[in-house]
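Now for the letters of each chain:
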Amino acid sequence: MWHTIEQIFPYAIIYTIPLLITALGGLFSERSGVVNIGLEGLMVVGAFAGSFTIFKLQASHPNEGWVLWVGLLVAVLAGIVFSLLHAFASINLSADQVISGTAINMIAGAITIFMARNMTGSGNIRVGGFSPFDVPGLSDIPVIGPLFFTKTYWTTWLILAVLAVSSTILYKTSFGLRLRACGEHPHAAEAAGVNVKRMRYIGVMISGAFSGIGGAIIILTYAGEFTGSVSGLGFLALAALIFGQWRPLGVLAAAFFFGFATTVANVSQVIPSLAEIPPVILKIFPYVVTLLALVVFSKTSRAPKAAGEPYDPGKR
Amino acid sequence: MNKNLIISLCAVVFGLVAGAVLMLATGHNAYTGFSYLFEGGLKNPERIGNTLATATPLIFSGLAVAFAFRTGLFNIGVAGQLLVGGFVASVVGLNLDLPRIVLLPIMLIAGALGGALWAVVPGILKARFNVHEVVSSIMMNWAGFWAVYYGVQTYIKNPSSETESKQLADAATLKATWLSDLFNGSYINMGLLIAVVVVLVVAFIINKTTFGYELKAVGHNRDAAEYAGIKVNRSVVYSMAISGAIAGLGGVAMYAGNASNIQIGILPSQGFDGIAVSLLGANNPIGVLLSAIFFGLLYSGRGFMNAMTEIPPEIADSIIAIIIYFAATSVLIERLIRRYSRRKANAKLNAPQEGKVK
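Taken in sequence, the protein lines are chains A and F.
First residue of the first sequence: 1, per the numbering used here; consecutive thereafter.
First residue of the second sequence: 317, per the numbering used here; consecutive thereafter.
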């Protein structure tokens, strides 16, 4: 049993990271008051922009590590630019945020494959990604070494650092306080001199940046190929956000739970003790748990009060 | 002219213009692109039939979304409901040995029930626990995706393919020889006729019955409806169940009409396109029918365009997605209309001097 856990754990972490960073992006958006169903589409855009950049650069600079980091940076920028579509619709035009987010998903899925086919002939882009490594020294520590420090990626540590910084910004800085105020009581925030629209723009742009890097990390760690979809991970990130009750550490726990469940479902057939459980149950498990969590938390939901409502300065 | 109609037409025009820009930006000739796109959907009776067949599942999914919208519910779970409805109907079609005239109605009912089952869960969660239906129906989509994935593999697997279900016999599908002969061998089927009937029935329910009035009242203002004695929670559950049943029928039309088996491993994109169809059709049953046919035209023409030019077929999806963005941001269009009509009004104010001469 322990051996199995040791084997699964590094993969569970690899699956967790894109979910975590995307859900964290969604957290900034919703905390500022804008619901973002478009996380899936923003991930696809990041995955496309990242893999296309790397595909081009690797042709002229094979075997150079910096290429991958440039790809991640481009993915972040593409995510930000694309998220502006959602920000403009929901902040300036008071559009229904759920419909706008759905449009983002549809546009991203269609246009990225359209571009990929124009540029490479097929809709797929195959790139070389990061290689996993064992952290020297730390991976020899008993128990936690094999779990946390083997087969690890630099991106994992980067995203965990982003998580720590985000948590600090949200709860320990005046910026974080203002951002949260815009999602709870935008009129009070406005009265206190906060520019609600600008804060919401920042919130949505952070979600674009984080989803973009999340999508690119999928390609650069376990997928290896852009195919025009991130197979519902953006929606699972949304579930992690709700399950994590709109708090960074809650989101971390929820994302890890989903990452672990996905890994278990993926490897269940090769591990005898798990092979007895029908795989369908393992696959459906995360979604059913989310539904149950929604029911349990429905009485005490910590969803930002103003999330989803267009801000109308004239309304009190 | 009706305001909704103007907004929809503007969104379509903006979407087509954006499609032209996309084609030009990627070095293609937009004029030939569009002419092949429309030729591919309309050139001869067979292609027209295929356009209508492509539109059929979109009519159902658009109607499902529009019906829920009327109660203020956003059913984003149509993809899962289509899949489950199609699966249940396929299991029935493959396992019951009955005369066609009995079998087809049973399959339709089974499909509708499957879709309703998948949609009523978010409905109940919304009514009973106030869980937002968007999130719960997204979860139901993925639960349905995996349930059908393993359901097909376990019960109705195609022996020669890992990712398909067994083929239904022609007698267990909605295919009709007279109909495909009428359209020179198109894969059009009775699903279209059922879709038109459902459109009329839904239009009747929404516009002419007390039940439809109650749904609309709940959609407009929940609190006022509650105060007026309408059982809001019950309306929510019924509305989701009916919406899911319509989607389930769409699943039958898709997997036992347009196709005769189920491909697993993909959520049917028709489910999400239903949101587009409903939005463009202003949540009105007849509008849904028209916008589904328009999208059917884009989807069925894109293959021909792709064969005749270098333009990737995803241009059709891109145009539809952009249309939705503009429909969602209809405020933008409204502002433009307002500015235009104000200018016209100003022009009229200045006009009398000239008018008097006459």
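Be aware that a few hints might be false.
What follows is a set of in silico ranges between Cβ atoms, one per label pair, in the way DEER data are often shown [said to hold, decoys possible]: (1) F:652 with A:64: 33 to 39 Å; (2) A:64 with F:341: 29 to 35 Å; (3) F:485 with A:277: 47 to 53 Å; (4) A:73 with F:542: 48 to 54 Å.
No lab work stands behind these hints: they were computed from the structure.
Don't be surprised by glycine CBs; every beta carbon is placed ideally from N, CA and C.
Hint check:
Checking the proposed 33 to 39 Å range against residue 652 (chain F) and residue 64 (chain A) shows it is violated: the Cβ atoms sit about 50 Å from each other. Between residue 64 (chain A) and residue 341 (chain F) the beta carbons are some 30 Å apart, a value that agrees with the proposed interval 29 to 35 Å. Our hint of 47 to 53 Å for residue 485 (chain F) and residue 277 (chain A) is violated, since their Cβ atoms are close to 35 Å apart. A hinted range of 48 to 54 Å for the beta carbons of residue 73 (chain A) and residue 542 (chain F) is consistent with their spacing of about 52 Å.
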